[in-house]
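Participant: Given the coordinates of chain E, work out where chain P should sit on it, guided by the hints.
Chains as they are written, first to last, in the numbering used here: chain E, 1 to 167; chain P, 1 to 124.
Rather than coming from a laboratory, the hints here were simulated on the basis of the structure. We put the CB at the ideal spot given by N, CA and C, even for glycine. Hints may be right or wrong, so weigh each one.
Said to hold, decoys possible - No more than 35 Å apart at the CA atoms, straight line, and that leaves these computed lysine-lysine pairs for DSBU-like: (1) P:LYS89 - E:LYS95; (2) E:LYS67 - E:LYS154; (3) E:LYS78 - E:LYS67; (4) E:LYS67 - E:LYS162; (5) P:LYS95 - E:LYS67; (6) P:LYS95 - E:LYS95; (7) P:LYS89 - E:LYS67; (8) E:LYS154 - E:LYS78; (9) E:LYS78 - E:LYS131; (10) P:LYS95 - E:LYS131; (11) P:LYS95 - E:LYS78; (12) E:LYS95 - E:LYS67; (13) E:LYS131 - E:LYS67; (14) E:LYS131 - P:LYS89; (15) E:LYS131 - E:LYS95; (16) P:LYS95 - E:LYS154; (17) E:LYS154 - E:LYS95; (18) E:LYS131 - E:LYS162; (19) E:LYS162 - E:LYS95; (20) P:LYS95 - E:LYS162; (21) E:LYS78 - E:LYS95; (22) E:LYS131 - E:LYS154; (23) E:LYS78 - E:LYS162; (24) E:LYS78 - P:LYS89; (25) P:LYS89 - E:LYS162.
Claimed, not checked - Reference listing, derived: stretches of chain E covered by chain P, where coverage requires no fewer than 3 residues with Cβ under 8 Å from a Cβ of chain P: (26) 18-31; (27) 56-69.
Claimed, not checked - Some chain E residues close to chain P (C-beta under 7 Å, calculated; not the full set): (28) SER119; (29) CYS127; (30) GLU128; (31) LEU149; (32) THR151.
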Amino acid sequence: MENTRRFRFLPMPMHSVLLFMVWLLLNNTLALGHLLLAAFLALAIPLLVAPLQHTQPSVRRPLLAVKQVLLVLGDIVKANIEVAILVMGPLSRMKPGFVAVPLDIERELPITLLASTISLTPGTVSCELSKDRRFLYIHALNLVDEEELITTIKERYEAPLKEIFGC
Amino acid sequence: MDWIEIITAVFILIGGLFTLIGSIGLSRLPDFYMRLHAPTKATTLGLGALLLASMIHFTSLRGYFSIHELLITFFLLITAPVSAHMMAKAGLHVKTRVEDSTRGLEVRDAAKRRNEENADDYQP
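With the rest of the complex left out, here is chain E (with noise of 0.2 Å):
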C-alpha cells in the first residue's frame, strides 16, 4: 500500500491507462472532447474506487506477460479447431474426465489468470477451487493422460504465471 500513498491523485496507474484507453475505444475516436472527458475520468474514477481495493501482485516481467498472451491466444485457436473436430466426430471417441491440478502460486490474481487460461484452452474448463487453494479441479472433454495433462498446465501456463508475478 506504500505506493497508494506516493500517488494520492493518481492511485492506480495502471487502471488509469486502461480507462483512458478503453473511453476512446468505445467512442472510436480521437476527437479533443473525448480527449479530455477519457482524462477526467480515468483520474476520477480510480480516486472514487481506490479504497475498494485489495491489494494484488503486480507485474515484474511485463515482457514475459505479453509473450505469455500471445502464447496464450495461439492455443485459444488451436482448441478451438480441437474441440470443434471433437464436437463433429463420433461421441463415443471422447473419454471425459474431472482431474485436479496440484498450484504452486496462492495469490488470487494469478489463479483467477490461470483458471481462465485453463478454460481458453485446449478441451478444459476449471470448475472449482479448493478451499486451502491447493487444488484446482477441471473438467477436460477428451482426457487421454491425466499426468500428462498436468504437466502441460503446470509447464505452460503456471510456470510462466509464476515468473510474471514474481512469487
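Facilitator: Structure of chain P alone, referenced to chain E:
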C-alpha cells in the same frame, strides 16, 4: 471484386462456421460439463473472426482505423471463462448428471465436498 472484400468474406465464413459448430456442440454433447466446452471455446474463435472481419471492412470503408471491436474481444475473453466457471460450480453443487464414461469422479466428489465445507465455514 476487391481483395479486401475477399479477406472479409473469408473471415465472416470462418466466424460463422465456428459459431455454428459451437451451437451444434451445445445440442449434441451428452452431459452438462461437456456442453460447457462448446460455448467457451468454439464461440470465442467464431466471434473473434467475425470481429476481425468487421475491423477490416470498416477500416477500408471509412479510411481510418476502426478498432473498437478489440474491446468486444477483450470483454468476451474476460467474461466467457468466468461464466463457464460459475456454471460448472453450480453444476457441482446440484450434482448434475454426468456421462457414465466420465473418469475421475472421486475428484468431482472431492470438489463437491470442498464446496460444502466452504458453505459451512462462511462467516459474513
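Participant: All hints are to be evaluated individually against the structure, with a verdict given for each.
Facilitator: Comparing the hints with the structure gives:
Of the supplied pair hints, the one linking P:LYS89 and E:LYS95 holds, its CA atoms being roughly 21 Å apart against a limit of 35 Å. Note on E:LYS67 and E:LYS154: the hinted pairing holds, with a Cα-Cα distance of about 17 Å set against a maximum of 35 Å. This hinted pair checks out: E:LYS78 and E:LYS67 have alpha carbons roughly 17 Å apart, not beyond 35 Å. Distance hint between E:LYS67 and E:LYS162 is fulfilled; the C-alpha atoms sit about 14 Å from each other, no more than 35 Å.
Taking the CA atoms of P:LYS95 and E:LYS67, the gap is about 39 Å. The hint is violated against a cut of 35 Å. About 19 Å separates the Cα atoms of P:LYS95 and E:LYS95, which keeps this hinted pair within 35 Å; it holds. With a C-alpha separation of about 31 Å, the suggested pair P:LYS89 and E:LYS67 falls inside the 35 Å cut-off, and the hint holds. Annotation: proposed proximity of E:LYS154 to E:LYS78 holds, straight-line Cα distance about 18 Å (limit 35 Å).
For the hint linking E:LYS78 to E:LYS131, the alpha-carbon distance of about 32 Å falls within 35 Å, and the restraint holds. Among the hinted pairs, P:LYS95 with E:LYS131 is consistent with the structure: their alpha-carbon atoms are about 19 Å apart, no more than 35 Å. At most 35 Å may separate the alpha-carbon atoms for a hinted pair to count; P:LYS95 and E:LYS78 meet this at roughly 31 Å. Annotation: proposed proximity of E:LYS95 to E:LYS67 holds, straight-line Cα distance about 32 Å (limit 35 Å).
Taking the CA atoms of E:LYS131 and E:LYS67, the gap is about 31 Å. The hint holds against a cut of 35 Å. For the hint pairing E:LYS131 with P:LYS89, the CA-to-CA distance comes to about 13 Å; that is within 35 Å, so the pair holds. As the CA atoms of E:LYS131 and E:LYS95 are separated by approximately 28 Å, the hinted pair is consistent with the 35 Å bound. For the hint pairing P:LYS95 with E:LYS154, the CA-to-CA distance comes to about 28 Å; that is within 35 Å, so the pair holds.
The suggested pairing of E:LYS154 with E:LYS95 holds, with an alpha-carbon distance near 22 Å, which does not exceed 35 Å. Our distance criterion of 35 Å between C-alpha atoms is met by E:LYS131 and E:LYS162, whose separation comes to about 20 Å. Pair hint E:LYS162 plus E:LYS95 holds up; C-alpha atoms about 31 Å apart against a cutoff of 35 Å. With a C-alpha separation of about 33 Å, the suggested pair P:LYS95 and E:LYS162 falls inside the 35 Å cut-off, and the hint holds.
For the hint linking E:LYS78 to E:LYS95, the alpha-carbon distance of about 19 Å falls within 35 Å, and the restraint holds. With a CA separation close to 20 Å, the supplied pair E:LYS131 and E:LYS154 stays within the 35 Å bound. Simply put, E:LYS78 and E:LYS162 have alpha-carbon atoms about 24 Å apart, close enough for the 35 Å limit, and the pair holds. A distance of roughly 26 Å separates the Cα atoms of E:LYS78 and P:LYS89; the hinted pair therefore holds under the 35 Å criterion.
Restraint check for P:LYS89 and E:LYS162: the C-alpha separation of about 25 Å stays at or below 35 Å, so the hint holds. Given a C-beta distance limit of less than 8 Å, the hint that chain P covers the segment 18-31 of chain E holds, as 5 residues qualify and 3 suffice. For the segment 56-69 of chain E, the proposed coverage by chain P is not satisfied: 0 residues have a C-beta within less than 8 Å of a C-beta in that chain, short of the threshold of three. Interface hint at E:SER119: satisfied, since its Cβ lies 3 Å from the closest Cβ of chain P, which is below the 7 Å cut-off.
Taking 7 Å as the C-beta contact cut-off toward chain P, the hint placing E:CYS127 at the interface holds, the least distance being around 4 Å. Using the Cβ-Cβ criterion of 7 Å, the hint placing E:GLU128 at the interface with chain P is satisfied: the shortest such distance is roughly 4 Å. Taken as an interface hint, E:LEU149 does not check out: its beta carbon lies about 11 Å from the nearest beta carbon of chain P, beyond 7 Å. Annotation: interface hint on E:THR151 violated; nearest CB of chain P at approximately 16 Å, more than 7 Å.
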